[in-house]
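Using the hints provided, position chain B relative to the given structure of chain A.
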Amino acid sequence: MKLRYLLPLLLFSVLVLCFWRGLQLDPKQLPSTLINQPVPRFRLVDVKQPQLYLTQQDLQGHFSLLNVWASWCLSCREEHAQLMAIAKDKHIALYGLNFQDKLANARAWLNTYGNPYLKTGWDPQGQVGIDWGVYGTPETYLIDPQGIIRYKLIGPLTAQAWQQKLLPILRQLQQEAKTP
Amino acid sequence: MKHLSMIALGLVCLLGLTQSAWTLQDAYPFANDKQQQRFYQLLSQLRCLVCQNQTLAESDVPLAKELRQQVATQIQQGESDQQIHQYLQARYGEFVLYRPRLTLQTGLLWLGPFGLLIVGLIALIYIVRQKHPQATPPLAAAKHAELLTRINALQPKE
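So the protein sequences, as listed, match chains A and B.
Its first residue numbered -6, the first sequence is counted upward by one per residue in the working numbering.
Its first residue numbered 1086, the second sequence is counted upward by one per residue in the working numbering.
Hints in this document: simulated from the structure, not taken from any laboratory.
Don't take every hint at face value.
List time: in silico SDA-like cross-link candidates among lysine to any residue, alpha-carbon distance up to 20 Å [what the hints assert, rightly or not]:
hint, chain 1, residue 1, chain 2, residue 2
1, B, 1150, A, 0
2, B, 1150, A, 81
3, A, 21, B, 1143
4, A, 21, B, 1174
5, B, 1150, B, 1113
6, A, 95, A, 45
7, A, 21, B, 1135
8, B, 1216, A, 95
9, A, 95, B, 1154
10, B, 1087, B, 1098
11, A, 21, A, 151
Here chain A stands alone, though its shape is the one from the complex (with noise of 0.2 Å):
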């Protein structure tokens, strides 16, 4: 078989692989470019106890875990049970961060469903979530005890992607965190 009459097969079997790998990609899937980076300063209000809080200082100390929701954000029902589960079994600091949303829809939403979140501030025009570069919810960070942001997740933090994507990660960071 002459090299001239396989070349078109072999053009074409290359076409055929960068699509196979392009169909694969996920567009929705933004890798961060905050990563490794410290968390932003903000200020908001909370949106259960107006006299509070949420700032960055919260997230330093210890790990912690910021989810972005919103009332109006239908898989975020999807996660909630397993942020009920983080926050009862206390592995991690929860907290929430409440994306162009009401206050009233807001309050409503948690004392229905359950609120899993240690505070949760009001970012009403969005201008928090854009300094941490939320482009959709639900979306959750891992922060690690010096503030610096270590890893995002995008989309629903379901009990499949606790255990395989955060949990491991968390783990790891804690086991490097012993070892100086």
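Same frame as chain A, but now just chain B:
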């Protein structure tokens, strides 16, 4: 009648364009026209991250609205185009630029089509040449006479 319906279709499309221009103009009062122009230009260079095939000028999602507000505020505060690009890139990465910059990583994206075009042209020339080989050069006079004699010799005598 055909021309009339074409014109009507054209007008309807234009109407669609003016609609989006109206919305933007209402919401963001600028100090001068130059700022407004910069605003529209910047918006067409930035991607909406939710509806990723639309620019910030076109998209209607809440995130796009908030980002438009951000860009407008920054223009009014006197930030340069470069600074606004950097502000968004620091938060959302390279993808937020609707027109990718020419870097090593995007080199294949930009130059790939031209490369393929050149390869295609070379292949085309190669194939055409194979089918139509160059014409043989004309015979010298002596050879031509000899050929005629031989041809005549082959013909049956009348």
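Now for the hints, and whether the structure bears them out:
Among the hinted pairs, residue 1150 of chain B with residue 0 of chain A is inconsistent with the structure: their alpha-carbon atoms are about 50 Å apart, more than 20 Å. For the given pair, residue 1150 of chain B sits about 37 Å from residue 81 of chain A by alpha-carbon distance, which is inconsistent with the 20 Å threshold. Pair hint residue 21 of chain A plus residue 1143 of chain B holds up; C-alpha atoms about 19 Å apart against a cutoff of 20 Å. For the proposed pair residue 21 of chain A and residue 1174 of chain B, the alpha carbon gap of about 17 Å is at most 20 Å, so the pair holds.
With a C-alpha separation of about 11 Å, the suggested pair residue 1150 of chain B and residue 1113 of chain B falls inside the 20 Å cut-off, and the hint holds. With a C-alpha separation of about 18 Å, the suggested pairing of residue 95 of chain A with residue 45 of chain A holds against the 20 Å cut-off. Only pairs whose Cα atoms come within 20 Å are accepted, and residue 21 of chain A paired with residue 1135 of chain B is accepted, the gap being roughly 8 Å. This hinted pair does not check out: residue 1216 of chain B and residue 95 of chain A have alpha carbons roughly 73 Å apart, beyond 20 Å.
Between residue 95 of chain A and residue 1154 of chain B, the direct Cα distance comes to roughly 19 Å. Compliance with the 20 Å bound is thereby established for this hinted pair. Note on residue 1087 of chain B and residue 1098 of chain B: the hinted pairing holds, with a Cα-Cα distance of about 17 Å set against a maximum of 20 Å. The suggested pairing of residue 21 of chain A with residue 151 of chain A holds, with an alpha-carbon distance near 17 Å, which does not exceed 20 Å.
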